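Asker: All chains should be modelled from the sequences, with the hints used to inform the complete structure.
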Amino acid sequence: MNWLTEYVRPKIRTLLGRTDVPDNLWHQCPSCQQMIFHRELEAAKKVCPHCGFHMRATAAERLTWTFDDATFQRIDLPKVPLDPLKFRDSKRYADRLKEAREATKHDDALLVAHGLIGGAKAVVAAMDFAFMAGSMGAAVGEGLVTAARLAVLQHAPLIVFTASGGARMQEGAVSLMQMPRSIIATQMVKEAGLPYIVVLTDPTTGGVTASFAMLGDIQIAEPGALIGFAGARVIEQTVREKLPEGFQRAEYLLEHGIVDMVVKRGDMAAKLGMLINMLGYHRAEPKAA
Amino acid sequence: MSSPGSINIADEVSRLTDKADKQLRALYAKLTPWQKTQVARHPDRPKAGSVIAGLITEFTPLAGDRAFADDLAMLGGIGRFRGEPVMVIGTEKGSDTETRIRHNFGSPRPEGYRKARRLMELAGRFGLPILSFVDTSGAYPGIDAEARGQAEAIASGIDACLSAPVPFIAAIIGEGGSGGAIAIAAGDSVLMFEHAVYAVISPEGCASILWRDAAQAPVAAEAMKLTAQDLKRLGIIDQIIPEPVGGAHREPEMAVAALGDAIASALAPLAGLSPTALRARRREKFLAMGTALAAL
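First to last, the sequence lines map onto chains A and B. Taken in order, the first sequence gives residues 1 to 289; the numbers are from the working numbering. Taken in order, the second sequence gives residues 1001 to 1296; the numbers are from the working numbering.
Mixed in with the good hints there might be a few duds.
[What the hints assert, rightly or not] Short derived list, chain A residues pointing at chain B, Cβ under 8 Å:
1) GLN73
2) ASP89
3) LYS121
4) GLY172
5) VAL174
6) LEU176
7) MET179
8) ILE235
9) LEU243
10) GLN248
11) LEU254
12) LEU279
13) GLY280
To be clear, the hints were calculated from the coordinates, so they are not data collected in a lab. These figures come from a predicted structure and were not determined experimentally. Note that the Cβ used here is the ideal one computed from N, Cα and C, for glycine as well.
Answerer: What follows is the structure, encoded as structure tokens:
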């Protein structure tokens, strides 16, 4: 160690540190390209304050934004057999799962929690697109069944936020079977006379759209969200024509009578609270003193 | 005819036939998943229409979803199976260019699934068991299909299968393609021909997404576990129907007869069950699928 290196290094480090800072503090809107300060973006729930573009959100953010006072209890979801097919493409599915778990800090693509919305008890299941594109395998199916059972147990509405590329191909037909399994979950909620509300967020496609995501008593979509059954590329290759402007977007679905309403993220929690109140689920009784 | 030293033609023919038969048997005993996919798509394989013709008497087609159109990719109607009235639904691929176009290559649009749902509900009201014959590469991916709610139509189809208050037997007779198949296949008993395939996506689709190369379809087919034998092991289907030597396309009538016997024996144990018991049993079966795997 000589005095020169000892003297210079810390200075270089602070210099490098300084150039790193703006990367974390500023985000660029993927739609209008404007820069947004991170605190402003958080306060706006990841909606661009310049153009209103709704950026993708994690399941954890959904829970925080939806429950009153950002207060809720997460539920542990049942463990399911991992990698039932011992699937391998360019990588082992078991390794992909491990990586996704490390990156997201979650077990799979669904989080379930209960708490209050608009003062009323509610169960929320939120999908995480960041976990293997929110794909539905046995864990997501089992998670939805668990959420439904919890809703029935608590006599509370079930609200599901969807965000998924569809079935998890690495689980083959096991993932296909999650379509009927997740639909059984919606049946349990409906048979108990409880509201089942679906909030479709960007993107929701494939086997998820074609199962529990389309069976809500009330269907809500976020502005601009891509929602559909088949992928745009597959459709283009099949019909060999250009897809119409705004095809498979939330507003297109509203126009075609497939969703009830398009609700901005900033209004979502209030709208959900209002709806479940009107459907007969009211402010939880204050605890006796 | 035979004199010493000359070949006995009859014996020789029978010997060669036997040999060819053995070879065919050996070949079909170890088809790869990709080869099975090709057999499942064989143009001469019995299609839903010919299965109905072979098994159902007094078949009376019922048309339309009452909202938009009659989708010819989805066959449906009432008839008698071994004398008893049943409701029949099935996806029809067609067998030559003209019929393939008429039936949209077996890929239903939303109105097809809504027609199936209507017929399932009709069956429920009159206590008719439902027989469903599945042979589709998948639901039609088109602009019109999306605009009319393909996803909702499939979801409602599965919902209707699970809710049916009558016995429901589904048979995968060729290709069971993803959501478009399960929309009419969530039954009490799911039968599958020995060389049929049933999967969440086509091997070509899976290969182009996960391997980024559709030419890797044979490799994907292997990984996907889409054969009847694999799906039986995974507890996803209930029974494998043996095919004639060399595949159903060689002896379609024999294959259809075997399917008939399998349906009859799958229906028998369901006969006395109440609507509530049937639905509960069906629901339990699908709910158990995740947990049953734990034993593997």
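Asker: Which hints, by number, does the structure contradict?
Answerer: Hint check: 1, 3, 11, 12, 13 fail, others pass.
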